[in-house]
Every structure is written in C-alpha cells, then in structure tokens.
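Novice: So the chains spell out like this:
2 protein chains.
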Amino acid sequence: MEALKGACIIGQSGGPTSVINASAYGVINTALNNPNITRVLGAEHGIKGILNDRLFDMGKEDPDELKRLLYTPSSALGSCRYKMKDPDKDDTDYKRILEIFKKYDVRYFFYNGGNDSMDTCNKISKYMQKMNYECRVMGVPKTIDNDLFGTDHCPGYGSAAKYIATSCMEVFNDCHVYDTGEICIIEIMGRHAGWLTAASAIATSMGCGPDLIYLPEIPFDMDTFLDDVEAIYKQKGYCMVAVSEGVHYADGSFVSNAKTSATDGFGHAQLGGLASLLAFVAADRTHAKVRPIELSLLQRCGAHLASQTDINEAYMAGEAAVNCAVGGITDKMIGFERQYDADGNYVCNVKLLDLADVANEEKKVPLEWITKEGNGIEKEFLDYVMPLIQGEPDIPKYKSLPRYARLQKILIDK
Amino acid sequence: MEALKGACIIGQSGGPTSVINASAYGVINTALNNPNITRVLGAEHGIKGILNDRLFDMGKEDPDELKRLLYTPSSALGSCRYKMKDPDKDDTDYKRILEIFKKYDVRYFFYNGGNDSMDTCNKISKYMQKMNYECRVMGVPKTIDNDLFGTDHCPGYGSAAKYIATSCMEVFNDCHVYDTGEICIIEIMGRHAGWLTAASAIATSMGCGPDLIYLPEIPFDMDTFLDDVEAIYKQKGYCMVAVSEGVHYADGSFVSNAKTSATDGFGHAQLGGLASLLAFVAADRTHAKVRPIELSLLQRCGAHLASQTDINEAYMAGEAAVNCAVGGITDKMIGFERQYDADGNYVCNVKLLDLADVANEEKKVPLEWITKEGNGIEKEFLDYVMPLIQGEPDIPKYKSLPRYARLQKILIDK
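Chains as they are written, first to last, in this note's numbering: chain D, 48 to 461; chain U, 48 to 461.
Derived by calculation from the structure, the hints in this document are not laboratory data. Mixed in with the good hints there might be a few duds.
Calculated pairs, EDC-like style, for lysine to aspartate or glutamate (alpha carbon to alpha carbon, straight line, at most 16 Å) [said to hold, decoys possible]:
id	chain 1	residue 1	chain 2	residue 2
1	U	Lys446	D	Glu439
2	U	Lys446	D	Asp430
3	D	Lys444	U	Glu439
4	D	Lys446	U	Glu439
5	D	Lys173	D	Asp378
Source: prediction; values computed, not measured.
With these hints in hand, go ahead and build the complete structure from the sequences.
Specialist: This is how it looks when you write it as structure tokens:
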C-alpha cells in the first residue's frame with residue numbers, strides 16, 4: 048500500500064486528566080518525526096478548533112516545552128464538550144470539518160478523549176468515507192473514570208487512583224489523631240462506575256483507609272448505610288467511609304439529590320453535596336462528630352501524585368495511534384491489554400478496538416470485585432489496580448513549584 | 048550549674064500538620080542521645096496522656112521507624128484539644144500532672160502545639176515552680192496557620208503553603224480547559240489570620256493562580272466582592288478566587304454563617320460552606336458556570352507535598368528545645384528568626400520566646416502586604432514565603448504509596 052502523506056490534527060476533548068498531555072505528546076512527538084505526516088496541527092478546544100479554523104502549528108513549538116507536556120495536567124490545547132449530531136439529520140458540522148480537512152490536506156485525525164469523543168471520531172470517519180475523502184481516524188483513550196469499553200484500563204485512571212489512595216491514607220491519619228472519635232465521609236468522583244471510589248481500598252489495604260466503600264454499581268440503601276456506619280463507630284470509635292458521587296437508590300435516583308427528613312435547625316431540609324448529606328444523617332443517627340470531605344477536581348488534576356506507569360502508557364497510546372494510522376489502520380481506538388511476564392511482572396500491550404464498539408458504552412466494576420455486603424472491595428480489584436499506580440515521575444520544578452509546558456500556540460498559516 | 052538528670056515527656060496538641068512528627072522526632076532523637084535524660088516518654092493524646100498515665104517508652108521504638116516520623120503527617124502520638132483551667136481556680140489537673148511527674152521522675156516537659164498549647168506549658172511550668180518541683184518546660188511551635196506571636200514563621204506552615212500553591216496551579220489549569228468560561232471559588236483554611244490563603248498568591252506569581260484573594264484581615268463586603276468578580280469575568284471570561292474560611296463582615300460576623308437573599312429554587316435560603324455560598328451569589332450576579340472548591344483538611348495532612356525546608360526546621364525546633372532545656376533554659380518557646388547570608392541565601396536561626404508572651408496571641412498578615420484594593424497580595428509576602436516552601440523530601444514509599452512510621456507504642460513500666 049502506498050504511504051498516505053498529509054497533515055494531521057490532534058484534538059483533546061472532555062474532562063481533563065493528569066496525563067492527557069502525555070498522550071498529546073505521544074501523538075505530536077511521533078507525528079513530528081514521521082516522514083508521512085507533513086504538518087502537525089493542534090486543534091484549539093477540540094472539535095471546536097476545527098470548526099472555527101483555529102489550529103496551532105505544533106512544529107513551531109520548542110521541543111523541550113513539548114516534552115514537559117508529560118508532566119503537565121489538564122488539556123494543554125484546550126478541551127470541549129461538544130456532542131456531534133447524527134450526520135443523516137444535520138451534516139452542517141461535518142461539511143465544515145471536511146472543508147477544513149481539504150484546506151490543510153489533513154489525512155490523519157487523532158482525537159483524545161472518553162466515550163463521547165470516540166463517538167465523535169466514529170461519526171467523522173464514517174462521513175469522510177461516505178464523501179470519499181481519505182482520512183485515517185484514530186481515537187486515543189482518556190478518562191479518570193476508567194469506564195471505556197474493551198480496554199483493560201484507561202490513561203488517566205492510574206494517576207487518579209494513586210491520588211485517591213494517598214489522600215485517603217493522609218485523611219485517615221488526620222481523622223484519628225484525637226481520642227474523641229469521628230465519622231469521616233469522603234466523596235469521590237464517578238457518576239456511573241465505581242473505579243475511582245474503589246481505589247480508596249488501596250489505602251485500606253495499607254492499614255489506613257476507609258472501613259466502608261460504596262460504589263454506584265450497588266443500589267444504595269440509607270438504612271443499611273446508617274446501620275453499617277453505626278456498627279463500625281460503636282466498635283472502633285471511628286468510621287471512615289468512601290462513597291461515589293454517583294450512588295443511587297434502587298429506583299435510579301441519585302442519593303445526592305435527595306432530601307432527607309432531617310432538618311438543619313432552621314426547618315430546612317438538608318441539601319448539598321453527597322458527603323455533607325451523609326455526614327448529616329450519620330450525625331443524626333450516632334451523635335458523633337462528623338467530617339465530610341469532597342476530593343473534588345483535584346482527583347483529576349493532581350499531577351504531583353501522578354503514576355509514572357500511567358504517564359508512560361498515556362504516551363504509548365498517542366504514539367501507537369500515529370504509528371498504526373500511518374501503517375494503514377483507521378476507525379480504531381487504542382486500547383490496553385495486560386500480561387504478566389515470566390517473572391510475574393505487569394506488562395501493558397496495545398490493542399485495537401472498533402470505534403463503533405467503544406462509543407457510548409460504559410464499563411463498570413465487576414460485581415464479583417465488590418463484597419457481598421456491598422460495602423467493601425475484594426482482593427481481585429487490588430491485584431488489578433496496583434500495577435497501574437506504580438512509579439514516581441521526576442516532575443520538572445521551578446522554585447519547588449511545578450514547571451508546566453509553555454506552548455506558544457501559533458496559529459497555522461492559512 | 049549541675050546537670051539536671053531525669054526523664055522527659057513529649058506531648059502533641061491541637062490540629063495536626065504534615066511536619067508535626069518531624070518536631071517530635073527532633074525531641075525524641077535528641078533526648079534519646081542525651082546522657083542527662085534518663086527516659087523518653089511519649090504522652091498519648093497530649094496532656095490527656097499524662098492525666099491518664101498513658102505514656103509510651105520511646106526508647107523501645109525501632110530507630111528506623113522513628114526516623115520515618117520525618118515524613119509521617121498527623122500527630123503520631125495522638126493529639127488533644129484540652130484547655131487547662133487557671134490553677135488558682137481549679138488545680139485538680141495540675142496536682143495530677145505533678146503526681147505523674149514525680150512518679151516517673153520527669154524533669155523535662157516538651158509540648159508541641161500552637162498558642163493554646165503554649166498556654167498549657169506556661170500554666171504547668173508556673174505551677175511546678177510554685178510547688179518547688181524542678182522541671183524544665185519548653186514549647187515546640189506548631190501550626191499551619193502561621194499565627195504564633197514572635198516567631199518569623201511556624202513549623203507546618205511552609206508545607207501547607209506549598210500544598211495550597213501547587214493545588215491552586217493545578218486547579219487553575221483545570222478550570223481553563225473549556226472555552227465556555229468559569230468562576231472558581233477556592234476556600235482555604237484560616238479563621239483569623241490569612242497566611243494560608245495568601246499562599247495562593249504564589250500560584251498567581253507563576254501565572255496560574257487566583258485573580259482575587261480575600262483574607263480575614265480585611266473586612267469583607269459582598270457588593271465589592273461581586274463587583275470584583277464580575278469585572279474580572281467580563282474582562283477574561285474566567286475568574287479564580289481564593290478566600291479564607293474566616294472572612295467576616297465589618298460587624299465581625301463570619302460570611303460563611305450568613306444567609307443570603309438568594310434561594311435555591313426550593314425557596315430555602317442557601318446555606319453551607321463559604322465556597323458554595325460565594326459561588327451561588329456569583330452565579331446569581333454573572334450567570335456564569337461556577338465551581339466551588341474546598342481544600343479541606345488535605346491542606347494540613349498533604350505530606351506528599353511537604354517542604355523539605357519545613358521538615359528540617361520542624362526537626363530543628365524539637366532538637367533545640369531539648370538542647371536548650373538540658374542547657375538550663377525553661378519557660379520558653381522555640382521560635383525562628385530569618386537571616387540572609389552574604390550570598391543572599393535564606394538562613395533560619397533559633398530564638399527563644401517567653402511562653403507567657405506567646406500564649407493566646409495571634410499574629411496576622413501585615414496590612415502592608417495586602418493590596419489597597421483589599422483583594423490581592425503584595426510582593427513582600429512572596430519574598431517572605433518562597434524560602435519556606437523550598438525542597439522536595441525523599442518520601443519513603445512502599446509500592447508507590449507513603450510508608451509511614453509504625454510505632455509500637457509500648458506503655459512505660461509503671
């Protein structure tokens with residue numbers, strides 16, 4: 048097959064992670080060094096950058112700054128949340144994208160994001176094929192939620208899991224300094240899948256983590272929750288709980304939106320974040336001191352606690368996307384497959400997944416990895432997650448603060 | 048003067064920090080190696096450990112585990128919040144403490160805590176003198192709030208400042224990935240003094256930090272706040288705010304306790320954390336997307352982002368307390384004095400402060416270090432704080448997770 052020469056575009060999409068720029072660097076660095084790729088263009092704010100003809104010439108960036116992308120959290124090219132319409136219903140955006148692709152002779156498109164982004168890739172690729180415009184489209188996976196179909200795990204997850212595990216260990220120690228007892232409720236990200244919340248079990252395995260863990264995979268029952276907490280508190284004088292923001296009742300309604308019959312002294316039903324709500328009802332039941340903690344978006348941008356394994360794999364995903372595309376592959380997402388070598392060491396290999404299969408699917412924590420009581424995590428999960436959090440990155444610093452990549456972001460000559 | 052031989056007790060008190068155990072190690076290691084100190088006893092949960100005769104024989108601990116205290120956050124001996132009564136009104140506790148001191152021949156008492164703890168030291172020392180029991184009492188400073196009187200800065204502050212600065216940089220990047228604009232409100236610890244919140248200005252000086260910073264030293268005005276935020280948001284499309292949990296109105300009432308006229312759609316006045324409250328009113332004014340973030344207690348136990356300078360100085364404070372006490376000093380708190388050597392490098396020296404002066408005083412951020420608009424920080428603060436956050440500790444790890452000190456905590460033979 049004759050080599051397909053042309054420009055490439057890389058875009059970032061969806062929620063940022065600590066290692067999304069390592070994937071971007073994997074694409075950019077590999078593409079800049081590939082003779083078949085004539086120009087490397089970064090789209091400003093993902094697909095919107097293509098629609099708005101806002102594309103950066105990545106070849107004009109300082110190579111040392113590009114390398115710092117490995118240690119720079121949050122989408123350096125900017126991100127977007129933009130759901131593409133079905134082209135059979137409205138092809139306005141698709142026509143525009145094709146116009147831009149033709150303008151810059153774009154023959155490779157790399158989109159780095161979660162399952163919505165894989166849906167975008169898929170729709171764009173099918174449209175280009177229908178219009179007989181040759182362009183190889185590859186999805187580069189990204190999500191802290193670890194919920195992409197078909198891949199052993201996702202870039203972004205290992206670093207978030209490490210952040211959660213380490214933070215839970217620190218919170219545990221802090222909550223145990225006094226002899227007066229305390230119930231600590233930690234709310235962790237994850238609307239539909241409990242991979243992030245399950246990571247708190249790592250802290251438990253180290254002797255300083257939650258006593259109870261609630262994932263969205265198991266329907267939540269308030270009375271059971273309160274019985275669980277009260278039992279631990281009576282036994283230990285303390286109780287630490289990790290709970291996913293996405294836990295919901297058997298009828299599907301999110302617990303965090305619910306009003307309780309408890310009031311706050313003003314006669315107002317207690318609303319607010321999930322951790323606050325559960326702390327409120329736990330205090331009502333046990334009369335203990337309670338402490339609600341929301342880990343918030345530091346889970347996804349806490350690059351100072353990134354996993355070097357995650358950084359390596361995120362880079363590898365970007366690099367593989369370019370190499371496969373140049374080699375003739377299209378309409379695939381890069382996925383991971385794990386192996387253990389003869390010495391029992393974890394090895395991560397690349398695999399290819401059809402974009403159509405990945406788009407709009409969600410992979411949840413296997414029910415067998417959750418205890419039958421529904422409030423704890425089995426050892427199989429720990430065996431799964433521990434290799435993903437390994438390794439300390441040598442983070443570039445300036446005066447003991449992170450030294451992030453500084454991109455010039457020079458728009459391509461039109 | 049003849050050397051005073053006897054046992055020593057070390058206790059920890061008040062809120063924990065990332066480096067409080069470095070100070071404990073400074074005391075314990077120095078005391079274990081000093082021929083005048085016959086036994087080194089750690090009090091369980093501070094002064095309560097003495098009252099309850101719960102004292103650990105620190106000489107029985109593994110020296111390697113003791114060394115790991117340098118990197119272990121949160122009071123390893125346990126802490127307490129226990130305000131001692133005036134002995135002239137009620138000397139019950141003092142009699143008990145004297146009884147315990149006599150029982151174990153305690154001649155040195157080291158208490159590691161903030162200004163309440165210095166008050167405890169002072170009261171105990173004066174009582175022992177009144178009862179003609181020779182015991183040297185030294186305070187070892189500790190607080191993330193940096194508000195102890197008479198010392199240039201406090202152990203615990205540098206690490207918390209580094210955590211806040213780094214986290215603000217990460218949050219900034221995360222909040223700027225989309226092109227749809229956002230107002231981000233970060234609530235930072237500090238009820239009366241703004242040292243912690245001011246540390247967010249470090250992030251601003253690095254190009255990725257808050258646009259507006261509100262300290263409790265300046266009376267808060269809601270209209271001015273909303274005008275400030277709206278002006279930045281209109282200009283930039285984004286606005287990041289750092290605000291101290293302790294900001295209060297001119298009448299002294301805390302903003303975080305206030306109800307606003309805004310309601311939450313259920314007709315209920317919006318209550319809750321300060322960040323949520325300010326985000327609510329900012330959204331009401333600007334119709335922007337808002338994101339409230341509470342850094343919570345991770346500011347004080349995030350040892351993974353500790354400052355090596357802070358660790359060194361915390362150790363030095365404990366070490367100096369023991370050496371000074373053995374040398375004949377009593378009724379003092381160890382303080383710090385900064386200098387700059389001939390090359391302009393920061394140097395930290397020990398000084399001694401009278402316990403009576405320190406107890407119950409608070410040192411606030413100088414008004415000259417706050418901009419005249421009341422919503423920013425002057426360069427003088429940055430010159431002050433930057434040396435305190437320097438240096439990356441070589442944190443002991445096990446499987447990429449923190450490897451904390453494991454103390455056996457063997458009660459002393461009675």
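Novice: Work down the list of hints and note, for each, if the structure agrees.
Specialist: Evaluated hints:
1. Lys446(U) x Glu439(D): Answer holds: Lys446(U) to Glu439(D) is near 10 Å, not above 16 Å.
2. Lys446(U) x Asp430(D): holds (12 Å)
3. Lys444(D) x Glu439(U): holds (10 Å)
4. Lys446(D) x Glu439(U): Judged against 16 Å, a Cα distance of about 10 Å means the pair holds.
5. Lys173(D) x Asp378(D): holds (8 Å)
No hint from the list above goes unmet by this structure.
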